[in-house]
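There are 2 protein chains.
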Amino acid sequence: MAFPGLYRTAGKLSRILGANKSPWGAAFLSSSCPHMAVGPVEPPLTADHCGLSRLPFPDVTSQDFDFFQRLLPGRAVTDEDDLKTYNIDWLRTVRGNSKLLLRPQNTEEVCKILKYCNDRHLAVTPQGGNTGLVGGSVPVFDEIILSTALMDKVISFDQVSGALVCQSGCILESLNQYLEGQGYIMPLDLGAKGSCHIGGNLATNAGGLRLLRYGSLRGTVLGLEAVLPDGSVLNCLNSLRKDNTGYDLKQLFIGSEGTLGVITAVSILCPRKPRSANVALLGCESFSKVLQVFTLCRDHLGEILSAYEFQDLESMRVVQTHLKLTNPLQDSAFYILIETAGSCEHHDEEKLNAFLEKALESGLVTSGTVATDRGKIKSLWALRECITEALAHDGYVYKYDLSIPVEKLYDLVEETRARLGTTARRVVGYGHLGDGNLHLNITSETKSESLLAALEPFVYEWTAQHNGSISAEHGLGFKKRDHIYYSKSREAVQLMQKLKKMLDPKGIMNPYKTIPSAD
Amino acid sequence: MAFPGLYRTAGKLSRILGANKSPWGAAFLSSSCPHMAVGPVEPPLTADHCGLSRLPFPDVTSQDFDFFQRLLPGRAVTDEDDLKTYNIDWLRTVRGNSKLLLRPQNTEEVCKILKYCNDRHLAVTPQGGNTGLVGGSVPVFDEIILSTALMDKVISFDQVSGALVCQSGCILESLNQYLEGQGYIMPLDLGAKGSCHIGGNLATNAGGLRLLRYGSLRGTVLGLEAVLPDGSVLNCLNSLRKDNTGYDLKQLFIGSEGTLGVITAVSILCPRKPRSANVALLGCESFSKVLQVFTLCRDHLGEILSAYEFQDLESMRVVQTHLKLTNPLQDSAFYILIETAGSCEHHDEEKLNAFLEKALESGLVTSGTVATDRGKIKSLWALRECITEALAHDGYVYKYDLSIPVEKLYDLVEETRARLGTTARRVVGYGHLGDGNLHLNITSETKSESLLAALEPFVYEWTAQHNGSISAEHGLGFKKRDHIYYSKSREAVQLMQKLKKMLDPKGIMNPYKTIPSAD
Numbered sequence: 007m008a009f010p011g012l013y014r015t016a017g018k019l020s021r022i023l024g025a026n027k028s029p030w031g032a033a034f035l036s037s038s039c040p041h042m043a044v045g046p047v048e049p050p051l052t053a054d055h056c057g058l059s060r061l062p063f064p065d066v067t068s069q070d071f072d073f074f075q076r077l078l079p080g081r082a083v084t085d086e087d088d089l090k091t092y093n094i095d096w097l098r099t100v101r102g103n104s105k106l107l108l109r110p111q112n113t114e115e116v117c118k119i120l121k122y123c124n125d126r127h128l129a130v131t132p133q134g135g136n137t138g139l140v141g142g143s144v145p146v147f148d149e150i151i152l153s154t155a156l157m158d159k160v161i162s163f164d165q166v167s168g169a170l171v172c173q174s175g176c177i178l179e180s181l182n183q184y185l186e187g188q189g190y191i192m193p194l195d196l197g198a199k200g201s202c203h204i205g206g207n208l209a210t211n212a213g214g215l216r217l218l219r220y221g222s223l224r225g226t227v228l229g230l231e232a233v234l235p236d237g238s239v240l241n242c243l244n245s246l247r248k249d250n251t252g253y254d255l256k257q258l259f260i261g262s263e264g265t266l267g268v269i270t271a272v273s274i275l276c277p278r279k280p281r282s283a284n285v286a287l288l289g290c291e292s293f294s295k296v297l298q299v300f301t302l303c304r305d306h307l308g309e310i311l312s313a314y315e316f317q318d319l320e321s322m323r324v325v326q327t328h329l330k331l332t333n334p335l336q337d338s339a340f341y342i343l344i345e346t347a348g349s350c351e352h353h354d355e356e357k358l359n360a361f362l363e364k365a366l367e368s369g370l371v372t373s374g375t376v377a378t379d380r381g382k383i384k385s386l387w388a389l390r391e392c393i394t395e396a397l398a399h400d401g402y403v404y405k406y407d408l409s410i411p412v413e414k415l416y417d418l419v420e421e422t423r424a425r426l427g428t429t430a431r432r433v434v435g436y437g438h439l440g441d442g443n444l445h446l447n448i449t450s451e452t453k454s455e456s457l458l459a460a461l462e463p464f465v466y467e468w469t470a471q472h473n474g475s476i477s478a479e480h481g482l483g484f485k486k487r488d489h490i491y492y493s494k495s496r497e498a499v500q501l502m503q504k505l506k507k508m509l510d511p512k513g514i515m516n517p518y519k520t521i522p523s524a525d
Numbered sequence: 007m008a009f010p011g012l013y014r015t016a017g018k019l020s021r022i023l024g025a026n027k028s029p030w031g032a033a034f035l036s037s038s039c040p041h042m043a044v045g046p047v048e049p050p051l052t053a054d055h056c057g058l059s060r061l062p063f064p065d066v067t068s069q070d071f072d073f074f075q076r077l078l079p080g081r082a083v084t085d086e087d088d089l090k091t092y093n094i095d096w097l098r099t100v101r102g103n104s105k106l107l108l109r110p111q112n113t114e115e116v117c118k119i120l121k122y123c124n125d126r127h128l129a130v131t132p133q134g135g136n137t138g139l140v141g142g143s144v145p146v147f148d149e150i151i152l153s154t155a156l157m158d159k160v161i162s163f164d165q166v167s168g169a170l171v172c173q174s175g176c177i178l179e180s181l182n183q184y185l186e187g188q189g190y191i192m193p194l195d196l197g198a199k200g201s202c203h204i205g206g207n208l209a210t211n212a213g214g215l216r217l218l219r220y221g222s223l224r225g226t227v228l229g230l231e232a233v234l235p236d237g238s239v240l241n242c243l244n245s246l247r248k249d250n251t252g253y254d255l256k257q258l259f260i261g262s263e264g265t266l267g268v269i270t271a272v273s274i275l276c277p278r279k280p281r282s283a284n285v286a287l288l289g290c291e292s293f294s295k296v297l298q299v300f301t302l303c304r305d306h307l308g309e310i311l312s313a314y315e316f317q318d319l320e321s322m323r324v325v326q327t328h329l330k331l332t333n334p335l336q337d338s339a340f341y342i343l344i345e346t347a348g349s350c351e352h353h354d355e356e357k358l359n360a361f362l363e364k365a366l367e368s369g370l371v372t373s374g375t376v377a378t379d380r381g382k383i384k385s386l387w388a389l390r391e392c393i394t395e396a397l398a399h400d401g402y403v404y405k406y407d408l409s410i411p412v413e414k415l416y417d418l419v420e421e422t423r424a425r426l427g428t429t430a431r432r433v434v435g436y437g438h439l440g441d442g443n444l445h446l447n448i449t450s451e452t453k454s455e456s457l458l459a460a461l462e463p464f465v466y467e468w469t470a471q472h473n474g475s476i477s478a479e480h481g482l483g484f485k486k487r488d489h490i491y492y493s494k495s496r497e498a499v500q501l502m503q504k505l506k507k508m509l510d511p512k513g514i515m516n517p518y519k520t521i522p523s524a525d
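Residue numbers (this note's numbering), protein chains in the order written: chain A, 7 to 525; chain B, 7 to 525.
Calculated directly from the structure, the hints in this document are not laboratory data. Note that the coordinates shown come from a computational prediction; the quantities given were computed from them, not determined experimentally. Errors might be hidden in some of the hints.
If several chains are the same, the list does not tell them apart, and a pair holds so long as it fits within one copy or across any two.
With a straight-line cut-off of 27 Å between C-alpha atoms, the simulated BS3-like cross-links for lysine-lysine are [stated by the list, open to error]:
#1 Lys504 - Lys121
#2 Lys279 - Lys414
#3 Lys159 - Lys121
#4 Lys121 - Lys90
#5 Lys90 - Lys405
#6 Lys330 - Lys382
#7 Lys121 - Lys507
#8 Lys504 - Lys330
#9 Lys453 - Lys504
#10 Lys118 - Lys90
Kindly generate the complete structure, drawing on both the sequences and the hints.
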């Protein structure tokens with residue numbers, strides 16, 4: 007550390023909030039929930055209940071299989087059991103019926119696969135870590151699954167600029183660990199980090215926990231390589247921070263959910279690993295106080311604020327009940343998780359102290375705990391990050407991922423709770439308050455059409471009335487595709503359809519997803 | 007301020023570097039160079055020497071003029087003298103021959119203009135503040151000029167989220183002043199701020215002085231409204247930080263230099279105004295020391311570093327000679343301008359002190375001065391920001407705006423200087439080192455074909471060999487269009503051409519610019 011002898015405030019956090027302080031130097035961790043497909047029950051085949059007709063793609067023939075077997079020896083999988091986890095999404099709510107899984111190792115193989123599929127008019131679903139929450143990464147019918155799991159090599163890392171170049175199948179957490187060893191971190195983080203692929207992160211324009219600090223992938227992705235549906239390579243894999251030569255084609259692929267091509271490599275700008283990190287979990291009596299604390303927090307923490315997450319009591323209870331996690335605080339209507347990340351430990355502590363003193367004095371916050379050591383930081387993050395996983399234990403989960411102006415954000419949770427009464431098992435609200443992003447989740451023991459009818463279009467209409475977005479960060483995938491009009495105009499959707507048609511004239515890439523079909 | 011009585015280091019900066027300290031609370035200023043068309047000489051008509059044939063757009067007829075006069079009473083300008091400044095670029099290197107300038111006040115008028123032009127197949131050049139440096143904002147032949155100058159209204163500003171929505175003709179500096187009054191700033195800043203329009207900033211994907219801290223417009227622009235060439239409105243004007251519903255169409259228009267439509271309104275995420283700002287100007291003996299200081303600086307200043315600019319001695323001399331600015335330091339081979347912006351004055355000073363002590367002790371820096379008061383900060387910024395203006399006084403300027411890996415960045419300046427010998431009046435290198443962005447400028451008394459032949463393709467080939475970009479932030483416009491292949495593959499350019507054709511099938515929007523024509 008560059009500032010020996012200057013820990014004037016060391017221990018003060020402990021005095022304020024009873025933290026078990028133990029400095030550990032390296033910082034900025036959150037918890038990774040184990041990737042777990044919940045429950046033994048196999049969801050019904052999507053094809054049987056989705057109300058869609060299979061488009062006239064030909065079936066995969068034995069000649070097709072022979073071709074792929076020659077191209078990818080031992081990596082063209084047809085065994086039904088082996089295919090199972092690739093056909094079902096992480097939430098176990100959709101199930102495709104693909105008969106063929108392809109596992110290419112490099113861009114050249116992806117080119118050959120897509121060229122063949124395009125020539126033969128065979129439909130393809132690209133799949134990363136299969137942790138998406140809108141059914142975008144599994145087939146709807148029998149599309150061929152193209153998995154990026156074996157494309158997991160780091161290509162280069164520039165110690166001066168922080169530019170990382172890697173294949174698209176690299177797992178987010180592995181990349182972060184690799185970078186931490188070199189004094190850097192990934193600019194994004196999310197609960198599924200232990201399974202999700204960086205290519206999938208780009209394809210869904212993942213947001214997550216660090217967006218407040220490091221901005222979106224639209225700014226941090228420096229370049230990418232994609233294979234177009236016709237098998238040609240679009241190489242935009244530069245590592246320059248600035249490049250204004252023509253239209254920024256890489257943006258087309260960020261957030262297009264595999265419908266325009268397959269992302270095969272990524273170049274991304276990584277920030278320095280912060281020298282100091284603190285996490286505070288605070289209890290708050292009302293949502294209006296959560297908002298006031300946010301303002302106070304931005305005033306005091308300024309440039310070191312790296313996360314401002316909130317969760318309600320019900321979402322705290324679900325992680326306590328199903329995952330046996332310990333809530334270190336007394337019951338509160340709301341909890342706030344604040345993370346700071348900075349370059350100077352004692353400055354960060356001073357800022358955090360000043361903020362916490364003010365928050366407690368003013369009565370905005372009723373209880374709290376602060377973590378500065380790796381283990382406790384992880385356990386506080388787990389309370390927030392494992393909500394998704396814990397909810398799945400309830401049975402069936404109706405998930406809404408919404409952008410709403412922050413002042414109105416929790417009104418929707420309360421209205422939904424009032425509307426559903428006892429028909430839902432649980433209605434919870436949590437999310438990235440700093441980004442205006444609410445995760446509204448409703449659970450029931452099994453899927454219920456009447457509950458769904460009470461939720462939709464109510465939730466979407468409410469969001470549209472408040473100029474929100476019906477998908478803040480999850481994307482549209484299969485489940486939300488037809489709801490796009492709540493957030494986008496007809497003209498905008500028509501332009502998207504034209505783009506799709508231009509890049510994928512045969513419509514083979516991840517059909518039935520993201521953009522409603524032009525007819 | 008939230009930290010009374012804690013100014014432990016107050017005055018220490020003065021002791022280290024002789025700064026004339028005078029705290030002023032509000033911070034984060036740079037200088038705005040007066041917008042000045044240099045020299046009395048009118049450049050030759052572009053049409054006469056560009057070697058291009060005018061595309062078969064019809065001439066503007068008196069019926070056309072009558073239509074526009076009715077649509078925009080008093081705002082359809084045909085007077086030759088009035089048109090002059092709109093036909094000539096800021097650098098006075100290109101001159102169009104437009105006979106008609108249109109000054110709409112709102113989106114509806116822009117729609118009617120473009121619909122009419124598209125129906126009649128009339129070519130249109132959109133123009134903001136006309137401060138571009140690649141000839142993108144003036145006509146090549148007689149294209150109608152559509153100026154956004156009267157579209158200068160702020161539509162809304164959200165104090166909680168920091169989202170600003172405004173018409174595209176708002177001047178960058180005016181927006182910044184408006185925001186400062188509300189405790190915010192614009193996320194971008196550049197020398198031309200006093201004249202450039204926010205719509206033009208988006209259309210050219212402007213980089214500038216704050217990119218190091220706040221990232222690119224690809225991340226900070228939340229939404230935009232654009233009128234397509236057929237006169238229809240594409241409304242993507244949302245103000246949400248996160249929205250993953252379909253393809254991100256706004257990205258198409260950012261950086262497309264008016265070739266796909268006219269940006270009429272902008273929604274942009276603005277950061278809080280920093281409470282504390284410091285600027286240091288340092289002298290350095292070699293470029294390798296400039297790089298070492300950069301590493302030291304990132305280590306010590308971390309999250310408060312907001313600019314790391316460099317300029318060589320020759321570029322310091324040009325502002326001293328032509329603009330009579332005072333260099334407060336002794337002559338050095340290189341100068342570094344560092345800006346910090348943070349939320350806590352004494353923390354920022356401690357960080358800056360520690361950095362400066364180390365930089366001086368280690369001999370990396372030979373001289374320096376620090377400014378914390380508004381006036382001195384402006385005068386230090388002026389030395390860096392007014393280089394562009396000062397160079398124009400030399401006569402003709404060959405401008406190159408390159409992204410190059412930082413380690414190699416200054417090699418090109420030295421090689422160019424050696425290559426040209428005494429045939430150039432001046433060869434200068436300066437730029438945004440923190441972003442790997444070099445501005446290489448060569449001056450001569452008048453335009454010289456032999457000098458040009460010595461520079462091109464040499465500069466472009468050198469840049470391409472080092473995997474750089476031949477336009478980091480200026481765009482391609484008219485002057486660099488055909489050099490796109492040094493930075494982009496044929497496949498990528500073909501895809502850009504397809505996009506252009508899809509959105510502007512008649513090719514009326516800013517023809518001869520940015521993307522080489524498909525034939």
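Okay, which hints does this one fail, numbers in order?
-> Structure breaks hints 8, 9.
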